[in-house]
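*Asks:* Spelled out, the chains give:
There are 8 protein chains.
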Amino acid sequence: MKKNSRTEEPSFELDFERRSRCGFPEFIYGEGKSLSQLEQICDRMLARGEDVLISRLAPETASRICEIRKDSEYDQTARILRIGRNWKKRKIPGLIYIASAGTTDLPVALEAKLTAEFCGCRTELASDIGVAGIHRTLSKLDCMRRADVVIAVAGMEGALPSVIGGLVACPVIAVPTSVGYGSSMNGIAALLAMLNSCASGICVVNIDNGFGAACAAIRILNSKKTKGGD
Amino acid sequence: MKKNSRTEEPSFELDFERRSRCGFPEFIYGEGKSLSQLEQICDRMLARGEDVLISRLAPETASRICEIRKDSEYDQTARILRIGRNWKKRKIPGLIYIASAGTTDLPVALEAKLTAEFCGCRTELASDIGVAGIHRTLSKLDCMRRADVVIAVAGMEGALPSVIGGLVACPVIAVPTSVGYGSSMNGIAALLAMLNSCASGICVVNIDNGFGAACAAIRILNSKKTKGGD
Amino acid sequence: MKKNSRTEEPSFELDFERRSRCGFPEFIYGEGKSLSQLEQICDRMLARGEDVLISRLAPETASRICEIRKDSEYDQTARILRIGRNWKKRKIPGLIYIASAGTTDLPVALEAKLTAEFCGCRTELASDIGVAGIHRTLSKLDCMRRADVVIAVAGMEGALPSVIGGLVACPVIAVPTSVGYGSSMNGIAALLAMLNSCASGICVVNIDNGFGAACAAIRILNSKKTKGGD
Amino acid sequence: MKKNSRTEEPSFELDFERRSRCGFPEFIYGEGKSLSQLEQICDRMLARGEDVLISRLAPETASRICEIRKDSEYDQTARILRIGRNWKKRKIPGLIYIASAGTTDLPVALEAKLTAEFCGCRTELASDIGVAGIHRTLSKLDCMRRADVVIAVAGMEGALPSVIGGLVACPVIAVPTSVGYGSSMNGIAALLAMLNSCASGICVVNIDNGFGAACAAIRILNSKKTKGGD
Amino acid sequence: MKKNSRTEEPSFELDFERRSRCGFPEFIYGEGKSLSQLEQICDRMLARGEDVLISRLAPETASRICEIRKDSEYDQTARILRIGRNWKKRKIPGLIYIASAGTTDLPVALEAKLTAEFCGCRTELASDIGVAGIHRTLSKLDCMRRADVVIAVAGMEGALPSVIGGLVACPVIAVPTSVGYGSSMNGIAALLAMLNSCASGICVVNIDNGFGAACAAIRILNSKKTKGGD
Amino acid sequence: MKKNSRTEEPSFELDFERRSRCGFPEFIYGEGKSLSQLEQICDRMLARGEDVLISRLAPETASRICEIRKDSEYDQTARILRIGRNWKKRKIPGLIYIASAGTTDLPVALEAKLTAEFCGCRTELASDIGVAGIHRTLSKLDCMRRADVVIAVAGMEGALPSVIGGLVACPVIAVPTSVGYGSSMNGIAALLAMLNSCASGICVVNIDNGFGAACAAIRILNSKKTKGGD
Amino acid sequence: MKKNSRTEEPSFELDFERRSRCGFPEFIYGEGKSLSQLEQICDRMLARGEDVLISRLAPETASRICEIRKDSEYDQTARILRIGRNWKKRKIPGLIYIASAGTTDLPVALEAKLTAEFCGCRTELASDIGVAGIHRTLSKLDCMRRADVVIAVAGMEGALPSVIGGLVACPVIAVPTSVGYGSSMNGIAALLAMLNSCASGICVVNIDNGFGAACAAIRILNSKKTKGGD
Amino acid sequence: MKKNSRTEEPSFELDFERRSRCGFPEFIYGEGKSLSQLEQICDRMLARGEDVLISRLAPETASRICEIRKDSEYDQTARILRIGRNWKKRKIPGLIYIASAGTTDLPVALEAKLTAEFCGCRTELASDIGVAGIHRTLSKLDCMRRADVVIAVAGMEGALPSVIGGLVACPVIAVPTSVGYGSSMNGIAALLAMLNSCASGICVVNIDNGFGAACAAIRILNSKKTKGGD
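Residue numbers (this note's numbering), protein chains in the order written: chain Y, 1 to 230; chain A, 1 to 230; chain B, 1 to 230; chain X, 1 to 230; chain C, 1 to 230; chain S, 1 to 230; chain P, 1 to 230; chain U, 1 to 230.
Derived from the structure by calculation, the hints contain no laboratory data. Quantities reported herein were computed from a predicted structural model and do not represent experimental measurements. Hints are not guaranteed to be accurate.
No more than 25 Å apart at the CA atoms, straight line, and that leaves these computed lysine-lysine pairs for BS3-like [to be verified]:
#, chain 1, residue 1, chain 2, residue 2
1, B, 227, Y, 224
2, B, 140, Y, 224
3, A, 224, X, 140
4, U, 224, S, 140
Derived CB-CB ranges, DEER-like [stated by the list, open to error]:
#, chain 1, residue 1, chain 2, residue 2, range
5, U, 135, S, 67, 45 to 51 Å
6, X, 49, A, 143, 54 to 60 Å
7, X, 69, P, 19, 47 to 53 Å
8, C, 91, B, 34, 57 to 63 Å
9, X, 143, B, 43, 58 to 64 Å
In this text, a Cβ means the ideal position worked out from N, Cα and C, and glycines have one as well.
Required output: the full structure, derived from the provided sequences and hints.
*Replies:* Below you can see the structure in the form of structure tokens.
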């Protein structure tokens, strides 16, 4: 770009009080942000003593950040970068069970897992337990029943949360994925299926939103001490 | 209507050769046809010795036809009227198992059952075996495995055919129903789920099309004698 | 209907183990079920000592049932019928706060409230606190922060859960309603808004599904004793 | 990627009993799987004596696998890779006729053909017989009538299965393709047309799902021996 | 309504020059207009010597108008009212062939026929020639080839215009109808099919718009004298 | 309803400060509110000296309210009820020109007009000036150029605002209506057209939202005194 | 690709009788066809004395074909390749006027122009006459009125055909283009607008289908000699 | 491309009177235009003394134009190129406040800002004030209340304009952005939310149309002198 090219941008307003209000810090959505924008945000958060989690981060950008910041960890499948060391010491009691229908749903399941870990949650992840081999789903039933929250991740027809929801009493968070083609319409089919589950009390997050599912699970684990009392 | 009102209509062209070409006769789609149109069609078909099946027929119209034709039978739930006596003697070998997810899916399941019977097929119907109580689905497994074709009927998230498709080897015909509300969008959610089933080799008919599922099943049973040979 | 009219129907298969598996009993979805079907279901459930909750029940049918069963209570706005006396003694600790954006969203908010009560939950409901008068939303903040779960009900642009989700740490269940017209497309606009909330960890149920939101809340309150341990 | 980058993945759970349950083995969906994931799956399946079929496999990845495994065959148009030698000896009686509307529908038609062959089915394929030149469709009528199943593949307006369905008595499986532009909406137009066919008893699979159509045909041919008896 | 109820309405602005600009007069769209609005419009048009055609007119309203105006003719199926006597003398050379797929498409086919007649066109109408009985379609080929324009009317999968378009050289105007259910989405399936026809040079009007198809045909017949010359 | 039927409802929270914040009072959306709810709201607003405007009010309910409150005025076409006398004295300088494409768009145009008048605005309304008779649109150009805001109301293809937007310099608010059928999809076609106008600087409100267009116009007229200064 | 890669393809079935049936030859749709497929088709058509028109052809492929065949002409904007010399001598009387709303609609307008010329039609093309500068549209009125057919090409809100349709008596073929962004949804907005035109007798082809519009125009010009007689 | 390749294009028709009619000049939409087309347009506009604004211009093309024209300025984020010097002297009284929900919405917010400046408007831009941190939104309230127009830019659930619209009296122009994923459907979710805002009198432009929002704001500021008078 020539010198008569420029970019005018206001500075960022970070929400440092989010942790106290919501129980988790501001996370950074990596998509659509430039390296320089991300660098600036990291600087300011780390300066305040906050670890940083960047989701949906392209490998090239992640690679650049990892070179500079030695205490960073990037997962290529989940596309998540975590910077800092404090998060490894955090601990929220309870277990999040992440059930994933197929191998291609793994990036979303891992996004959930890594986000939950970053906030101090213990997780277990089972893959390839889609309903077309219902014995595989059922074989995990004991594990699921031990969990405090189940995150059920599935693309295509999105049936997994319905089956699980009929088998466990704990909260079930359904995550549709964009896995599929044609009339799956990038996950719309799975999303609609989950919203219309015949198993009562399933709740749903956006397509491919493993991150959001983790946050919902954290809200649940965080609220374990009954406040409304009796 | 005054005398300066009139209705100009061409006469019907019935397709009497459909039975020889397709293995079943022309059926009459009742919706949108007037009583006088239906009467005319019945007269011409019965005169040719063809029994008549009218689908999607409103109870009021059915009641009127039943008054005149004593050899007619109307099912209010399935909204199907069958006229004539020959169909009770017809017989196609094989068993069609109709699995229905919920009580409100029954009209569609019965439409399939009555159509199949009209063509001489033996059927079994199980209701309330949706996947939110997966033990109920599994309890029917032996019956399903004895069948030559399974018709799986479900509204809401439409997951039933996926589970069945992973458990049986015979053809599975999935019928989405318009049961549900909100984002079920009158059955679109169930339809999309079935089209995107992770169980291989499921095939799908239109929303609420129990009739079409029966026809597809009849095609399968009719083709039992291998023609392409070897 | 003439005598050559009939209705052939398989008997119902109720899921009496749902309470032990899921923490709440089988509820009855009233839409599309005939009075005789409902009567049959009620008989069988009450005979087993289970109270009955029928959702989406038309006033005419409710009126007929109420005449016969003296221990029944019908709410016209919520369209919910509750039969039996045991449910009034049940008690799950914790508080569910139901925030409703506008007056016309009340039927859905009440469906949530009455369902939750039926399962023994304590609830509080605030109406008319939509974001176009943000001071009204904010005035309820203290109440919301005392709750264990917030159910946020809104039609039209469905913004209420986003604002609440940024202010509280507890789980937030968003319920889109079909309130609106034109491009609201019967609640699709609100549903999409909630699925795309910029507040992390909001989860969503189907349009007008106050019932499902209550079930999700019950799952959360029921899971208060950490099982996954530590 | 730097050393602080990593990928954490659970191991695969293959469904080796699928052949005994469904009549065909687990197939591998190639899209979205990495070379290393595919290698791992191939190793485990071949070790169990199962041949491998990978669908929707990019040429570059296929090329890499073909270098290593000498008993592999890749078809660039169908994007299918078949590994092993056992499949060439398998034989299911009956003939599958694959009718393809246009030249650009060929990849989907070939996906059906190669999948069916892999399971031991005999197939015939005719291309360029779309309904805009109805004489071409009709010229294949004798061949179609000799078949046990017809798979009808078409994009754009998807009319081919309707015409064929009115001419043959055997099962007709309709496969919409994404061929077209603008309001074809990547095959949605053809899909809807097929679901709404005026020819009774047509059943439909997902857009571009030649693979699924073949599986449905195999289910039909496999069930040739009447089980439900008489 | 009480006296404090009123309705304030501007007067109509009729487009009396439309005939000279477009070759046909302003027609009146009956839906959503009150009896008094229609009366006013009729008065003003008839006073100018223009006959009146009102489309989509409910039988009750038509009945009221017919009582007063003796030179009016209403067709219940087409829902068209024609007032005046001049139109019977008008004559545009050429023949419009109206091909209708099924009996339930007749209202739309007749709307086209009656509109075309009102403008002086000669028409022929054939019903029940849908593509599921392709011999019926083909049996009308000679008639269609004698026509100057073909209007092809079909609901459900909307395949008829594609077959006809491949067989005739004259202009083909495709009219999708709302006949069908479920995924026909009130005619959207047929509309999309027609827009994506593999027969070149088909053009399409709105769903159920028999009236518009007739107008398009009239434009074609009116332009028979080559103007652009050579 | 029997005595075991009841309705539990929280009381309303009216937003009395809306006038000071937004420049217009809280209006009442009539759809979905019961007579008793409306009565309660009217009482409280009138008691505070606020006149009441209820939009989308059914004639039957309006009739009941008009009987009691003598200072009320109901317009059947616009479905608007206005109660009180103060609004007739209010006056905001400037002129709102309401351009309506067709006669059937009038209810929406009148909703805009009556709402604007209630807030003290002067309005002019022209009907039947749709673009299919472009001379009619152009004949109003001088009037439009005298206006401070133009509200352009159109259904079907929604082209009117594009033509007007290219001819005037003042703000143009486009209101799509649900007038049309088939692929108009209840106004979605017109809405999309307006959002994609090739005339720069058109802004759009919801389908049939004449009320909202008036509010937008009032915001513009109210802000006539430059605040941001210079 | 390795030697164990191959592509199995049936040979093409060209429709050489299309010219006698439809008045124009089979055209070749370039998208999705390989160079070798195209070469084969060209060879066979040219051998029969038919010139070749390939639409939607990528520049790279076109370049390769042009190198070999000296009598070929490629237009980069229209993406059309025409091979042979006979077409320049053909002549159909009459004038096609192509009106294009904006500069970015030109590729579609040119596709229409070049196709029409290939069939022997005389054309005139005017660009940049969209309705946001209605004087530009009106300035072409005399030219349009001299034409035998008008093809009106527009993206975004697609209003141009409505204005033209109200001004001319000849047939108007509307072509929506995918020009636009956001809610234009790749031309769906323009398509819907054109299907819902308030100008009677407009007919519509698929999005970006300049080719199809030309074919429809050719059908009209070809049918200039009244066949249905009188 | 070989010599037998060519491109035939009509010359451009620029709308030089747009400034006098609409209050702003013709702007150039950069997408889909070639460098040579843009050069030609620039030449002709600059020759007439008009400055040039090109929106949606790719950096590569911008770079080429900047090399030649020294008085040009390109903003990479907004993708806007402005050529000429006159625009810096223009001045329209009043203040436009641009409120942007998140960092990734900045390109759209800047497109609005740079367009408004080009026409002589004073602007203020605040970023990162989305409703999930409502205190950030509220902290800008004083600034917003000083403005003459607020442009509210938001992706995802698009709630920002609803909150602002309930707090300020001036016109609010809502701009949905395509920021988001999955069910945001490239901005459709935000668009629908804004169209269904519960804050009265919000008006909306197309997705990502910062440019159009600026034009709407300019129309408002330009019309500050009441014309309709009183």
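*Asks:* For each hint, tell me whether it holds in the structure or not.
*Replies:* We went through each hint and held it up to the structure:
| no. | hint | verdict |
| --- | --- | --- |
| 1 | B:227 / Y:224 | 11 Å, holds |
| 2 | B:140 / Y:224 | 22 Å, holds |
| 3 | A:224 / X:140 | 22 Å, holds |
| 4 | U:224 / S:140 | 22 Å, holds |
| 5 | U:135 / S:67: 45 to 51 Å | 49 Å, holds |
| 6 | X:49 / A:143: 54 to 60 Å | 32 Å, violated |
| 7 | X:69 / P:19: 47 to 53 Å | 50 Å, holds |
| 8 | C:91 / B:34: 57 to 63 Å | 59 Å, holds |
| 9 | X:143 / B:43: 58 to 64 Å | 59 Å, holds |
The earlier numbered hint that this structure contradicts is number 6, and it is the only one.
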